[in-house]
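Colleague: Since chain X is already given, all that's left is putting chain A on it; use the hints.
There are 2 protein chains.
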Amino acid sequence: MMRRINLSLTSALAAAAFSLSTAPSRGQTAMLVEKKVFELPSYTTEGGGTIRNLRIGWESYGTPNADKSNVVLVTHYFSGTSHAAGKYSASDQVAGYWDPIIGPGKAIDTDKYFVVSSDTLVNINVGTPNVVTTGPASIDPDTGKPYGMAFPVVTFGDMVKVQKALLDSLGIAKLKAVVGASGGALQAYQWAQDFPERVERIVPVIGAAGSNPFLIAWLDVWAQPIRLDPHWNGGDYYGREPPKAGVAGALTVVGLHANGAEWAAQGFGSAPADPGKPPAKALDNRFKIQAVLDAAGETRAAGVDANTFLYLIKANQLASTDPARIKAPTLLVSSPSDLVFPPDWIERTAGAIAANGTPIERATVSGPNGHLNGVLHIAQAGPAIAAFLAKPFK
Amino acid sequence: MMRRINLSLTSALAAAAFSLSTAPSRGQTAMLVEKKVFELPSYTTEGGGTIRNLRIGWESYGTPNADKSNVVLVTHYFSGTSHAAGKYSASDQVAGYWDPIIGPGKAIDTDKYFVVSSDTLVNINVGTPNVVTTGPASIDPDTGKPYGMAFPVVTFGDMVKVQKALLDSLGIAKLKAVVGASGGALQAYQWAQDFPERVERIVPVIGAAGSNPFLIAWLDVWAQPIRLDPHWNGGDYYGREPPKAGVAGALTVVGLHANGAEWAAQGFGSAPADPGKPPAKALDNRFKIQAVLDAAGETRAAGVDANTFLYLIKANQLASTDPARIKAPTLLVSSPSDLVFPPDWIERTAGAIAANGTPIERATVSGPNGHLNGVLHIAQAGPAIAAFLAKPFK
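Chains as they are written, first to last, in our numbering: chain X, 1 to 394; chain A, 1001 to 1394.
Isolated chain X, as found in the complex (with noise of 0.2 Å):
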C-alpha cells in the first residue's frame, strides 16, 4: 500500500513559499502512527437519511490508561485529515499537521494522553491514500454505483456522532479534551454542546461557535469553480472525466482565504510566474502568486472529490453551535489576522461562552498566514494548551 503522506494544500503551498516544515526536527525519532478503520454498518443521519456500510479511518498517539480517563479527540479541518501528527514510515518528508504539538513531551503529551483523531465523514480527499471516509463518492450498496448526489446531507452533528460511535467502539466514557482548528474547532463545539456529559473541556482553535451569514456566502464562493467546471454535470460524473480544474479553482480559493496578506508579500512580492514573460506585457503572462496558487490547486485536486466537497460545504454552511450551551471549560485559540473566524466573531464567542460562567481561557497564535498560522504556528499555542490540559477540572 502507498505511504505518501496527505500533505495538506495550505502546507504545500507555506512549505514551497518559506521551505517550512512540520516535521520534527533532525535527529529527532519520528512517532510512527497506522491508520485504522472503523466501520458501522448502518448510520440514520440527523435529517433522517441512512448511510449502509459507513467507514471512517482514525490515528491514535500515546496509549490510553486503565480507566481510558487520558483521551484526548482531535479533530480536523475543512481540508485536513485525520493525520494529526507522526508519520506513517520514517522516510515520510512530512510528519501531521499537528505534529510540533502532539507527541511525547509535546504539549499534548503522548506520554500522558491517548490521542485519537479520527477522518470525519465527508472528507473531501477521499481519492487520497490513507484517508477513509464515506461520502458521495462512496458506494451505495442499494446501487453497486457512487451515491453522488443521493447522498444524504450530513451536519457536523453527524461528524459528533459518529466519532461518538467510534469512542463507544473503544470502550472510551468521556473525553479529558476535544482539540480542533477551524472546522475542528466546530466539531469542539459541537461535542460541547450535544455531549456535555462526555467532555471535559475543549480546545477550539480559529473557530467561532458555528457558521454566519457572510461565511455561508463565503462557502459558496468556495464551491462556486465546482458548479461552473461542465464536467461537473451536476454532480453526475463518476465513471467519466471529473472536474479537475473547478476542485483546483475551488481549492486555490480556499488556500488564499486561508492565508494572509503578509505571506504572500514575503513569499511572493509582485514577481512574474516566468521572468521571460512580464505581468504588463499580455493579459495571460501571470504573477508568481497567481502560478504557485494554482498549481498547488491543481496538485492537490487529483486527491480531492467534488461532490464531496460540496457536502463538506453544505455541513460548514450549516454548523451551528449555541455558545449558551457550552458548559464545558474552553481554551479559544485564535489568529488576529484570521479572515475565515475574525477577532471580532472570535470575541462574541467568547463573550458567549463567559456569560454563562463557563471559565474560558485566551490564546493567540501570529504569524504572517491569517487563518493558517493556527495549523502552522500552533507550536506557540503549546505551553497555553498543555497548562490548560493539565487543570484539574472534574
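Since the hints were derived computationally from the structure, they do not count as laboratory data.
25 Å max Cα-Cα, derived DMTMM-like pairs, lysine to aspartate or glutamate: (1) Lys288/X / Glu262/X; (2) Lys1288/A / Glu46/X; (3) Lys1244/A / Asp294/X.
Modeller: Same frame as chain X, but now just chain A:
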C-alpha cells in the same frame, strides 16, 4: 435611446437588503445630467500597443469658471461608471453613485466646482446604456471585428493619460482635485504621481496606492469564474453565446469581497431562500444570502463583458503608484471594515505619503458594508471633503 440607470451590482444588493437609496431625498429636484463622448483617433498604450478610434464617456456637473481653475475630476471604482451624480431623467429611480456628496450645496459643491467624471478604458459595463468605453469588446478597425484577446493590456497609467487628453480637449490645465473610490482612488494616486504639476490635491477613498501580492491573488479569484466558464472559450465568444454564468459568478465574488459581515447578518441572517426548502434538507436548497447574491450577479451580468472584466483585473493587478512620489496634499478616506484595502495597508500608504512631508489628512466612513462603505456611506466624509477642497493649497 434607453435611459435606464446604471445601477451597480453592489448598490443593487444594498438597496435590496436595506431599502437604501443613493437618490436625493424626495422633494428635492434631481440634477439632470447627460452623457458625452470623448474620442481619440489613436492612442499608444504604456506597453506600446495601439488603440485606434478610442472613445470614453463622460459627464459633468456644475460650470467651469473663467480660468477653469475650479475643476474636480471624479474617478470611478471597479464595477462603476462615470455616472457619479444626478439623473439622466427625472424619472430615473436612482441617482449617480456619489450623489449624496456631489451637487449644489453638497460636499463637492457644483455651485463652486466644475465636476468631470469619465468612464475608464476597459469599463466592464460596456453592454450597459450610458457607458462608453474602449476595450476588447470594441471593434478593431483593422478587422471590423471585436479585438477580443488581441486588445493591448492597459494600465491605470493609460486610464489617466486618456483622462488627461479629455481634460486637454476641454482646455483644463490643472485640477483642483482628483477624487475617487477604490479603483478611483488608484486613479487619484496615479494622477498625483504621473502629472504632479496638474493636480492640486487628491482624495483617495477606500484605496491604497496600488495592488499588493495578496490582492493580486484575490483579483485572480474574482476572474476565475469567467475562465472556468466553457463559453468563455479563451476569449473567443463574440457572435456566440457569451460566458454569462462566469460573469455572474465573478460579479458575485466581487460583490461579496467588497461587502461586510454586518451587512450579511442584518440583511439575511441564516434564512432559507425558499421557506419550503430548508438548506439542511437537500444539497441544492440554498440560503437566502446565496440566492440574492446569485440573482444580483445574473441580473448584472447582462451588461458586463467577460474579456473586458479580465482586462480590468489585469490593470488592477498592475496598479502600482509609489507613495514617495505623491506630493499633492492628500485626504485619505478609509473604511475600518474594508476587506479589499484593509486598515493596516491603508496605514502604510498614509505613512509613506506623510514621510515625504506631503500634507495628509484622514477621514473614515463606517457602516455594515465593508469596502463599500466608501460608496454607500460616503456622506459621512462629506464635511471632511468639503473642508479639504476649500483649503488654500497653492
